[in-house]
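Participant: From first to last, the protein sequence lines are chains C and W.
Numbering follows full-length UniProt numbering, with no gaps: position 70 of the first sequence is 70.
Numbering follows full-length UniProt numbering, with no gaps: position 86 of the second sequence is 86.
Take the hints with a grain of salt, since some may be wrong.
Here are some chain C residues pointing at chain W (derived, C-beta under 8 Å) [unchecked claim]:
1) D15
2) T20
3) R22
4) D127
5) E130
6) D717
7) S721
Covered by chain W, according to a simulated footprint, are these stretches of chain C (three or more residues, beta-carbon under 8 Å) [stated by the list, open to error]:
8) 245-253
9) 391-397
10) 507-516
Hint data in this document are derived by calculation from the structure and do not stem from the laboratory.
Where a beta carbon is used, it is the ideal one built from N, C-alpha and C, also for glycine.
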Amino acid sequence: MVEKGIGARVLRKEDQRFITGRGRYTDDINQHGQAHAVFLRSPHAHARIRGIDTSAAEAMPGVLAVLTGEDVKADGLGNLVCGWLVKSKDGSPMHMGPHPLLAQEKARYVGDRVAVIVAETLEQAHDAAEAVVVDYEELGPVVALERAHDAGSLVHDEIASNLAYDWELGDKAAVDAAFGRAAHVTRIDLVNNRLVPNAIEPRAAIGHYDPGMDHYTLHVTSQNPHVHRLVMSAFVGVAPEHKLRVVAPDVGGGFGSKIFIYGEECVVLWASKKVRGRPVKWTADRSEAFLSDAHGRDHISHAELALDQDGSFLAMRVNTKANLGAYMSTFSSCIPTYLYGTLLAGQYKTPAIYCDVQAYYTNTAPVDAYRGAGRPEASFLIETLVDQAAGELGMDPAELRRKNFVPKTAFPYQTPVALTYDTGDYEATLDEALRLVDWKGFAARKAESQRRGRLRGIGLSCYIEACGLAPSQVVGSLGAGVGLWESAKVRFSHTGKVQALTGTHSHGQGHETTFAQLVSEKLGIPYEDVEVIHGDTEKTPVGMGTYGSRSLAVGGEALAKACDKLVEKGKKIAAHLLEASEADIEFKDGNFTVAGTDRSKSMGEVVFTAYVPHNYPAGLEPGMEESAFFDPPNFTYPAGTYVCELEIDPATGTTEILRFVAVDDFGNVINPMIVEGQVHGGLAQGIGQALLEGAVYDESGQLLTGSYMDYTMPRADDVPSFEVVTAAGTASHANSLGVKGCGEAGAIGAPAAVINAITNAIGRRVEMPATPEKVWRALQNTQTPQAAE
Amino acid sequence: MKVSMSVNGKQVSGEAEPRTLLVEFLRYELGLTGTHVGCDTSQCGACVVHVNGSSVKSCTMLAVQAEGAQVTTIEGMAQGDELHPLQAAFREHHGLQCGFCTPGMIMSAADLLKTNPSPSEHEVREWLEGNICRCTGYHNIVKAILAAADTMRGAARAAE
Ligand code: FES
Ligand code: FES
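Okay, chain C solo, but in the shape it has when bound (with noise of 0.2 Å):
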């Protein structure tokens, strides 16, 4: 048995770096020659531009170029694209509108690039951007999702109503049908709000163009190096892919935003190339981050439960309007559609789901993929809707839910939105999270609560998601413009240590303990002898990166599967040392035996063999190098329950977590501690999504909660400790590890179980954010003002 291996709590190697000052994020880097760039961003929601002078710029001390729109055309650069082509009711694709490195013709959110001054230094390029002059036509702005059919206006000339696509899944008429017969319907209209994703450190990029090789090289705060460096080569144009290097080196928090291709890293590139190979350095700062960014959620809906007399779910109705803001991001279609609407059944056995989806665009910063994409909009409905309908039917929440859970038999179970669910046991989850909180004690602390004058409450939520995002063939036949495998290379030094090579990125979640441990259990060698590299494009084989909780259900089965292939190599090489069969070579714990003798060859000895064949079975290639790739064959399905038990003071609405339980089932665990991390991460921002935070524009499409001061994170004084378990793991199918990822748990059950537990408290529900506002007015029976939402 290795010590370090699958299932233990192993520290992370990554940490001695971070906690002595040395980690190397993008910003850190600099860069020989380096000039810097300043980007002119739009001060309107929704303008035309007439023209920019930047003559005046262009003449300032240390200004090396000041480019447009204009220049982008010129050199015949392509657009920003969204990868995932999403089709409406009627089959009609949906209408992309084009979106530009650099605005032409028209500026369609605050923030939207303009212009970029590229200058000796920082100082000088800020200068310079007050120099440039834009000659604006102020446009109507289309700014409330609501009204975005008929904002009269549009935010491209060329698509009507600013509706992107309209689309459908599920048996309308076998929902409408059930309604008929329903004999309890319980109906919600909710928001989900939307959110800035705030990784603590701002995206940055550096651009290089090596005029003497012809070759690029771009540092940037990315998740998926690879896909930056295909999404730019075949669709920007900005280098060809062979002539391009993409470094992600340490990155300081994603969320999702930094999967995306936005327009600044492509220009630092280009302009490179522009100012003779001079590196190009751009770090956004915060304000800048929060304009440009994308952001996440943001969706209404409108939904319908039909119950039959003993509370058994016969359907469900779903309409959404969701905001894709002023251009679609780079996966930004599929996140209201294909990892919402297949995620509607929940835990439930719902026999019939319909849904629609409207996706519009407004003049706000393009909206994408924030930690859940999609299944925390998803999640937050189902588990308010169904929590409404126990306390309309005066039925215990929690046995209302288990009623209607798909029994642990029935796996894998086809749900009526196209998802097949591997494993699970929700039952399981739900029971040790009521007995973890004392459900039934509930009452009593209640009753406690009261004589000091408190509002008690407490709020389940079980939560679905589908990770591990792959299913080439699957997420191809709903419009993906790319495979979503994982590729690995694990390769031995002649000193048998290890180089384990994943396409997978680590910005946080310790892949290079988390892949190190795994590689070590497979190998039989220490842990301490592995080192897991990421984040080079010249490094690492090809690879699609890391979202939607995939890196170990994909990234790492690739990783497994290289080592199986390793240990078949070795298998061969120790037959023919110790002149044995291969059919009778054992591998275990590091070493290759003969079955049923004590005669065996350690994998060092057969590593060394390998790069010194003096000694070596014919025809087998030396080396000990393999790589793998998996495409799995289904997404994984984790699943929990999760409990907030809070405390409202009605004189101030102020709302106070006093517990939080959460019960996931992740199927098996590498490293517990890392996995618990996760949650605690995930679950602060599902509270700060329920309690705090809230991106919030103006009419006019100013972003009036552009910082720290205006924008609430989530503090350490906000949150509570944590409860979390994670033992209860049924093993997922779709991997031979049995895993199924738990990056985004925590932001996916979060929300429900927090509003439900205020709803519980004081009656009535209110919309996210919770503040102590809006909580003090619902008590007051009062509306909470539209501008406050």
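Fit chain W with the ligands to the supplied structure of chain C, relying on the hints for placement.
Facilitator: Same frame as chain C, now just chain W with the ligands:
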């Protein structure tokens, strides 16, 4: 203009404009990139260093204001190979994920433990008001700080 100060026990001097922030001086002039910048409104705490023994947001101070001061950054916390108890506790308790907020968290917590060697969980959480972490949900950061406080009290007792 020329600015001189002691950084991590070493006398240094470098060029700074009047508008250069201390964090910019540390990062770009001295190459001490462990101190990070996460915002432009003095809110996130990624930039916390010690100036004359107290925690300071180095994005909120001009380099020239630190003329002659004793500055400690995250790079100066370990004694050779021996980690500061807070550094060790952050690793031991998984108090970091992406690591971007970590230097500021550690520097801020070090100041807390100096003034309050045995803080309650509540006091730790309140103290961290000025430090934002997007990754950890604070759970393990708080745990790490409480554990480091324990270790440091033990060490102080042993030294008595
Ligand atoms: S960078 Fe100093 S507080 Fe954010
Ligand atoms: S560890 Fe990533 S922001 Fe704190």
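Participant: Would you list, in rising numerical order, the hints stated earlier that this structure does not obey?
Facilitator: 4, 5, 9
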